[in-house]
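Protein chains: 2
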Amino acid sequence: MVKSVYVASLASSMVVNLLFMIINIYVGGEWSLSWSSKAEAEAEAVSEIACSGHRRAYLDGLVGDGNEPVCECNTCYTGPNCSHFIPHCTADADSGDPLFLEPFWMQHSTSSALVVSGWHRMSYSFNDNTLISQHLESLIRKLHAFVGTAVTQDRYIVFGAGSTQVLRAAAYALSLANSSSSHSPTRVVASVPYYVLYKQQVEYFNSEKFKYEGDAHTWRNRSESDASTNVIEFVTSPNNPDGLLNKAVLHGPNAKTIYDRAYYWPHFTPIPAPADEDLMVFTLSKLTGHAGSRFGWAVVKDETVFNKMVLHMQVNSIGVSKDTQLRAFKLLKAILEEGTQIFDFAYQTMKSKWERLATTLSLSNRFSLQKINPQYCFFYNKVRESSPAYAWVKCEKEEDKGCYAVLKAATIIGRKGNVFGSEDNYVRLSLVRSQDDLDILIQRLQKLVSEEDGAISM
Amino acid sequence: MVKSVYVASLASSMVVNLLFMIINIYVGGEWSLSWSSKAEAEAEAVSEIACSGHRRAYLDGLVGDGNEPVCECNTCYTGPNCSHFIPHCTADADSGDPLFLEPFWMQHSTSSALVVSGWHRMSYSFNDNTLISQHLESLIRKLHAFVGTAVTQDRYIVFGAGSTQVLRAAAYALSLANSSSSHSPTRVVASVPYYVLYKQQVEYFNSEKFKYEGDAHTWRNRSESDASTNVIEFVTSPNNPDGLLNKAVLHGPNAKTIYDRAYYWPHFTPIPAPADEDLMVFTLSKLTGHAGSRFGWAVVKDETVFNKMVLHMQVNSIGVSKDTQLRAFKLLKAILEEGTQIFDFAYQTMKSKWERLATTLSLSNRFSLQKINPQYCFFYNKVRESSPAYAWVKCEKEEDKGCYAVLKAATIIGRKGNVFGSEDNYVRLSLVRSQDDLDILIQRLQKLVSEEDGAISM
Numbered sequence: 001m002v003k004s005v006y007v008a009s010l011a012s013s014m015v016v017n018l019l020f021m022i023i024n025i026y027v028g029g030e031w032s033l034s035w036s037s038k039a040e041a042e043a044e045a046v047s048e049i050a051c052s053g054h055r056r057a058y059l060d061g062l063v064g065d066g067n068e069p070v071c072e073c074n075t076c077y078t079g080p081n082c083s084h085f086i087p088h089c090t091a092d093a094d095s096g097d098p099l100f101l102e103p104f105w106m107q108h109s110t111s112s113a114l115v116v117s118g119w120h121r122m123s124y125s126f127n128d129n130t131l132i133s134q135h136l137e138s139l140i141r142k143l144h145a146f147v148g149t150a151v152t153q154d155r156y157i158v159f160g161a162g163s164t165q166v167l168r169a170a171a172y173a174l175s176l177a178n179s180s181s182s183h184s185p186t187r188v189v190a191s192v193p194y195y196v197l198y199k200q201q202v203e204y205f206n207s208e209k210f211k212y213e214g215d216a217h218t219w220r221n222r223s224e225s226d227a228s229t230n231v232i233e234f235v236t237s238p239n240n241p242d243g244l245l246n247k248a249v250l251h252g253p254n255a256k257t258i259y260d261r262a263y264y265w266p267h268f269t270p271i272p273a274p275a276d277e278d279l280m281v282f283t284l285s286k287l288t289g290h291a292g293s294r295f296g297w298a299v300v301k302d303e304t305v306f307n308k309m310v311l312h313m314q315v316n317s318i319g320v321s322k323d324t325q326l327r328a329f330k331l332l333k334a335i336l337e338e339g340t341q342i343f344d345f346a347y348q349t350m351k352s353k354w355e356r357l358a359t360t361l362s363l364s365n366r367f368s369l370q371k372i373n374p375q376y377c378f379f380y381n382k383v384r385e386s387s388p389a390y391a392w393v394k395c396e397k398e399e400d401k402g403c404y405a406v407l408k409a410a411t412i413i414g415r416k417g418n419v420f421g422s423e424d425n426y427v428r429l430s431l432v433r434s435q436d437d438l439d440i441l442i443q444r445l446q447k448l449v450s451e452e453d454g455a456i457s458m
Numbered sequence: 001m002v003k004s005v006y007v008a009s010l011a012s013s014m015v016v017n018l019l020f021m022i023i024n025i026y027v028g029g030e031w032s033l034s035w036s037s038k039a040e041a042e043a044e045a046v047s048e049i050a051c052s053g054h055r056r057a058y059l060d061g062l063v064g065d066g067n068e069p070v071c072e073c074n075t076c077y078t079g080p081n082c083s084h085f086i087p088h089c090t091a092d093a094d095s096g097d098p099l100f101l102e103p104f105w106m107q108h109s110t111s112s113a114l115v116v117s118g119w120h121r122m123s124y125s126f127n128d129n130t131l132i133s134q135h136l137e138s139l140i141r142k143l144h145a146f147v148g149t150a151v152t153q154d155r156y157i158v159f160g161a162g163s164t165q166v167l168r169a170a171a172y173a174l175s176l177a178n179s180s181s182s183h184s185p186t187r188v189v190a191s192v193p194y195y196v197l198y199k200q201q202v203e204y205f206n207s208e209k210f211k212y213e214g215d216a217h218t219w220r221n222r223s224e225s226d227a228s229t230n231v232i233e234f235v236t237s238p239n240n241p242d243g244l245l246n247k248a249v250l251h252g253p254n255a256k257t258i259y260d261r262a263y264y265w266p267h268f269t270p271i272p273a274p275a276d277e278d279l280m281v282f283t284l285s286k287l288t289g290h291a292g293s294r295f296g297w298a299v300v301k302d303e304t305v306f307n308k309m310v311l312h313m314q315v316n317s318i319g320v321s322k323d324t325q326l327r328a329f330k331l332l333k334a335i336l337e338e339g340t341q342i343f344d345f346a347y348q349t350m351k352s353k354w355e356r357l358a359t360t361l362s363l364s365n366r367f368s369l370q371k372i373n374p375q376y377c378f379f380y381n382k383v384r385e386s387s388p389a390y391a392w393v394k395c396e397k398e399e400d401k402g403c404y405a406v407l408k409a410a411t412i413i414g415r416k417g418n419v420f421g422s423e424d425n426y427v428r429l430s431l432v433r434s435q436d437d438l439d440i441l442i443q444r445l446q447k448l449v450s451e452e453d454g455a456i457s458m
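Heads up: the sequence lines are chains D and F, in that order. For the first sequence, position 175 (counting from the first letter as 1) is numbered 175 according to the numbering used here, and the numbering increases by one without interruption. For the second sequence, position 318 (counting from the first letter as 1) is numbered 318 according to the numbering used here, and the numbering increases by one without interruption.
Extracted from the complex, chain D is given alone in its bound form (with noise of 0.2 angstroms):
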């Protein structure tokens, strides 16, 4: 009783709202539909195109004379309505696409849209001249303090086009500030495993100011590193591929370390404390799961630093899209109004894949996974177990050292352990996409493991 009437008087106010609406429509005696309704139509009727749950259909993806919205179905399914499955697909466990978010807001629609005007923000800067979003930065800082990953009191944000961007301003920024003292190019180093994006950028990009020179471990045990050679270590924590919260490797006044913060959310990791190094990296990729929005930031203790990465993101690109921030504003303001709710849908999805995966390999003497100790996390006010971006795989037997190539034989698509570093005898599996590419993922681990000599019965 008491909910009916108060789901009367909810559609009494809505009528209300909508009589509002259709007087404030009918103006100066003539009809008129505001500038946003067509718009709102489209992206509606859109939305209403199911796919069968296998993906979705997206306002861009429009096909014909009669712009008919299209299914882009997720690996493995296909069919107009993607509802037919492939049977023997390989399962794509490769990129870090992290689509495990997708029906998270799907499911906060109402907090996350956002109807953009043909003249927002066509200037190059801002009110303030700078290419920076204030508001926006105020919203990373609210963010961060609220869930306790990074100190930002007295530290300087830049944003820039994904951390990609981001993370190459950082090492430039940073060789400059050595170049003062040294003539010799900048050594870039990481642990192994590492990301490869390090060593991709400095190869390809080719300065005269960079040399990559691999693994930090190696590099600390060379007489050459007690000279006056300047270094920079790239430390993932968590790390991309094994999830561990590693810290730098080389200390001293010529080691400068840039802190990829990129996976230092709950959904991955227990969050020990703030963390509080002179340069970290953060990405809206794996927080909200917007890879495709290319948004990231770092927070800078130095002010000179900060200037020249400021100076780098103008050369490059004189800065990030006034879209791409609009879309950042409008998801981040939906995270904070909504409380602790992204990072218990996300920490849910990724413990109980992590979960899944481990049991399905517990029973194999081929495949080994990493192991992450549990920690006490101070978002959740308890100990509790990592829920990792990816499992970093070990084929166990010398004849299967080549790991690639026996899950691929499998029709499972994972990333070769030489790409980060290490030997061929592991292999990188992605967590952080579809539920769909989880399922096959699973499917296909589990007959593989079926099939093993002497697998451990269940």
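Warning: the hint list may mix true and false statements.
[What the hints assert, rightly or not] Below, in silico cross-link-like pairs of lysine to aspartate or glutamate (EDC-like), each with a Cα-Cα straight-line distance of 16 angstroms or less:
1) D:K308 to F:E203
2) F:K333 to D:E68
3) F:K416 to F:D400
4) F:K333 to D:E42
5) F:K142 to F:E338
6) F:K371 to F:E396
7) D:K333 to F:E42
8) D:K211 to F:E208
9) D:K38 to F:E203
Keep in mind the hints are simulated off the structure, nothing from the lab.
Since the structure of chain D is provided, determine the placement of chain F on it from the hints.
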């Protein structure tokens, strides 16, 4: 009578539509608003803030606990509604912020409005595994064909974060293509006066692959240029700052050319023929006015060069934000749906600005303007005058050779000639900014000219 019947019929059709909306919203015995309605209401509320016509409020420009949107005023205006004129303020004619197109999009608010769902394109890549929306690419080809600005048949198209990122990717791709034949750095040149970004990028990024050599004409006359040295020439056409339809100065097997076609739209120049160079760079900024969106593209003949540019975008930023690509998609769709409207608006606006400036300076013996000859324009099928983006002002008198300082003393900020590799008796004045900026610039110039000794009287 006919009109009132039409209005009545339109009104009744809208009533039906509205009732249909209401019926749709009353689902399963309960009222529910659609997911985008709240965002729509927010955006409409912000758009209703008029700011006295001297700029706009923005959706991400909220302040205070109540998240009140605030007016962000044009230069020389202040106050909560931008209604207060600052009498002795400085006329800003410095940057190329293309705000002259803002009124166009305010008038075309329905066709350009965009509703983005929280789950829109979260993935790194599109369904074809590229970082480039094929639907947007197809719109770009249609637009070039409609306006006749570029040949795109059998050409590749690559996207970047503004022409800024695309220009650098182009230089990189061409230098990598060069490197097989030579170990010496590729020389980069441009005709004076040139757009300074080409020089800044080479010098800032400090790659082993490049060396900036300044003026293309000087380089042509050097003996070294006959040798096997590889050269990349940037040709800006129409040129920034002087609006001339430049052509390449260097030719031969070791010379490669990047055509910066940012201003090759009917807004700024007659279109004598579709451009058909090997590598042409365009930008949304000077086409629709959305500089803040950071979207540019290259039209490329050679597949190898295209592939290298794609790789560059991957390593630099994992491509262009999907939010930006969606915005560009919506804006280009709006342009194509509305025929010649944006070109008519932009041409008329720029022509009127140029005429006011030319009329003002025609009374002066102290300042002169560049001469641009009328040409046949295939878009308008007639000979038309130019309507350049910038005035390239020369201070004619020996005592005025610090032309920037002369204008600054009259509270006008332009851009110094030496920024463009020229002498400092030149200054660039930007005409693409807001109408407010132009009005104040003209006032200041009229005063300056009227105070001239021997000024031509009206």
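Right, here's what the structure says about each hint:
Distance restraint check for D:K308 and F:E203: the Cα-Cα separation of roughly 14 angstroms lies within the 16 angstroms cut-off, and the hinted pair is therefore satisfied. For the proposed pair F:K333 and D:E68, the alpha carbon gap of about 15 angstroms is at most 16 angstroms, so the pair holds. Note on F:K416 and F:D400: the hinted pairing holds, with a Cα-Cα distance of about 13 angstroms set against a maximum of 16 angstroms. Taking the CA atoms of F:K333 and D:E42, the gap is near 14 angstroms; set against the 16 angstroms cutoff, the hint holds.
For the suggested pair F:K142 and F:E338, the alpha carbons sit about 13 angstroms apart, so the restraint of at most 16 angstroms is met. With a C-alpha separation of about 15 angstroms, the suggested pairing of F:K371 with F:E396 holds against the 16 angstroms cut-off. Restraint check for D:K333 and F:E42: satisfied, since their Cα atoms lie roughly 14 angstroms apart, inside the 16 angstroms limit. Straight-line distance between C-alpha atoms of D:K211 and F:E208 comes to about 12 angstroms, which keeps the hinted pair within the 16 angstroms bound.
With a CA separation close to 48 angstroms, the supplied pair D:K38 and F:E203 exceeds the 16 angstroms bound.
The structure fails to meet hint 9 from the earlier list, while all remaining hints are met.
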